[in-house]
Amino acid sequence: MVFLTSPAWIRAAKPDKFWRRRRTFRLSAHYFGRARNCYKTAIIRVEKALSYALVGRQQKKKDMVQLWEQRLEAGCAEHGTSLPVLRQGLMRCNVLLNRKTLADLAIWEPRTFKVRGSQLAME
Amino acid sequence: MSSMQRAKQWATFARIWHIYDAKWQNPFDSSKTIAKYLKGQHKPIYHPLSDCGDHVVVINCRDIALPGPEWYQRVFFHHTGYPKGGATWTLAWELHEKNPTKIMERAVHRAVGGTLLRKGLMARLHLFPDEHVSEDLLRHVTSQIPQLRVQPRRLDSYSEEEVRDFPKVFDYPADHVIR
Numbered sequence: 001m002v003f004l005t006s007p008a009w010i011r012a013a014k015p016d017k018f019w020r021r022r023r024t025f026r027l028s029a030h031y032f033g034r035a036r037n038c039y040k041t042a043i044i045r046v047e048k049a050l051s052y053a054l055v056g057r058q059q060k061k062k063d064m065v066q067l068w069e070q071r072l073e074a075g076c077a078e079h080g081t082s083l084p085v086l087r088q089g090l091m092r093c094n095v096l097l098n099r100k101t102l103a104d105l106a107i108w109e110p111r112t113f114k115v116r117g118s119q120l121a122m123e
Numbered sequence: 001m002s003s004m005q006r007a008k009q010w011a012t013f014a015r016i017w018h019i020y021d022a023k024w025q026n027p028f029d030s031s032k033t034i035a036k037y038l039k040g041q042h043k044p045i046y047h048p049l050s051d052c053g054d055h056v057v058v059i060n061c062r063d064i065a066l067p068g069p070e071w072y073q074r075v076f077f078h079h080t081g082y083p084k085g086g087a088t089w090t091l092a093w094e095l096h097e098k099n100p101t102k103i104m105e106r107a108v109h110r111a112v113g114g115t116l117l118r119k120g121l122m123a124r125l126h127l128f129p130d131e132h133v134s135e136d137l138l139r140h141v142t143s144q145i146p147q148l149r150v151q152p153r154r155l156d157s158y159s160e161e162e163v164r165d166f167p168k169v170f171d172y173p174a175d176h177v178i179r
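Sequence order for the protein chains is A and B. Counting from 1, position 108 in the first sequence corresponds to residue 108 in UniProt numbering; the numbering is continuous, with no gaps. Counting from 1, position 177 in the second sequence corresponds to residue 177 in UniProt numbering; the numbering is continuous, with no gaps.
It is possible that some hints are incorrect.
What the hints assert, rightly or not - A few chain B residues that face chain A, going by a derived Cβ cut-off under 8 Å, partial list only:
#: 1; residue: His42
#: 2; residue: Lys43
#: 3; residue: Pro44
#: 4; residue: Ile45
#: 5; residue: Tyr46
#: 6; residue: His47
#: 7; residue: Ser50
None of these hints come from the bench; they were simulated from the model. Since we're looking at a predicted model, the values are computed, not measured. Just so it is clear, CB atoms sit at the ideal spot from N, CA and C, and this is done for glycine as well.
So here's chain B without its partners, still in its complex pose (with noise of 0.2 Å):
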């Protein structure tokens, strides 16, 4: 194998991290996302016992955005392995009060399958309640995974003068009172 195959190898195996935003973010959606990369399925040398997955490095767990009303009416199930009355069931809300990152967790464990890849999987996956990843992780990081909604803008980030310049029909007159 010449050196030009060898590092053509290395760079097709090498372990990417991804980085990914999920603010205001489904995070049931997005773990399916975040499972494709994590198993290495957006690559075109997929195979399912080669060990092709990547590193996701995910922000802003705090700011997930949960669809409708499952903030009080989805409920996590947990079982301490003792019998007689080890179970508990936490909702939504409460769990994200407890851990930031708990919700997401548990929805990428779901999304990557119950195989004995999983652990291994989990593994990669980074997560953090806010913006502020630990320097080490950081500088690995060389991708970002595109979200999947737009976040939309408040109309408190624009600008006096973005406000000021935006097309607008008719100006009210000076008299005009707005209730």
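Looking at chain A on its own, in the form it has when it is part of the complex (with noise of 0.2 Å):
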């Protein structure tokens, strides 16, 4: 009789002890106190900084995104626009370019920017 069920259940043993605790205590080494030699606290606190690393990945698009708008508003305030009636244009004139381009435009080439913004009012 053939049991196939029970090889099933069979999976590769883990790595050692030391070796599965070791993953965590590298990203736990720069901790203070226990919180960076015992496994019980240190795996709550890398986890804990994990979550906030994720949140923190997050947050830096939408804040790069609110530095590129908050340029953007100061570049247009300088030639007598607002942000949407320069976006509206480009929309319009087919100008394919991002928040982050216009904002390094603004920055780096301010002419560039001047002429891009006052030909899409001509137009």
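Work from the hints to combine the two standalone chains into their complex.
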């Protein structure tokens, strides 16, 4: 009689306990106190830190978008217009530049930015 | 870095001095605009960590205009920091009588936001109750922030000639009595 179920329960043996924990301790190496050396405390702190890092990575993108928009508003205000007007004009003229590029133009190439805006206004 | 690039850098990051006439302006709306200039948000190079804010000189703080009934409804809170009754609540008109620049200062203090930069930003705000600004401040000023509202001209500020030449639909007859 061939048993098919029980072999399916067999899993590869886990690595040694030391090496399993080492992964966590690598991440908690710079912590203070027992959170550095005690696995039970370290794993809690590391998981929380990783979840914060996830939030931070998502937040960073929003922050950059906000900064570019703020810079663009300032750039537009220098030429007496506003960001919605500029974006509408860009869209109508089929100019596919994103916020980052436009903000970089406003900083590093103010003349290009101005010409871009005035051309759009004429069209 | 060539001398041209260095000069460009100086010109970009130089602190500019702006002047703002607060006469007949809403201090709470004006403070948002002033805070923008103090923080440097009117420049495309703005970054919250780069110190790119400007100086703002505000004149005629005595002649601010609070909206509606706010002179006798808006209350300013102050606490001495000591326990047991260090708190006082002052009405706007009372505060304005004691210190004509205080309402503007409080408004901007609130508008610049509660960050660690607040103290430095407030130090670059120069408030004056009237149009007398000391000469060593005024000589830095190179730019003017436009007023949020147009100052209406009062009838007594028009000259005789302007009133006479103003286009009219009809003239009152000589024997017309205006009660």
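Verification of the hints:
no.: 1; hint: His42; result: holds, 5 Å
no.: 2; hint: Lys43; result: holds, 5 Å
no.: 3; hint: Pro44; result: holds, 4 Å
no.: 4; hint: Ile45; result: holds, 6 Å
no.: 5; hint: Tyr46; result: holds, 6 Å
no.: 6; hint: His47; result: holds, 7 Å
no.: 7; hint: Ser50; result: violated, 11 Å
When held up to the earlier numbered hints, the structure conflicts with hint 7 and nothing else.
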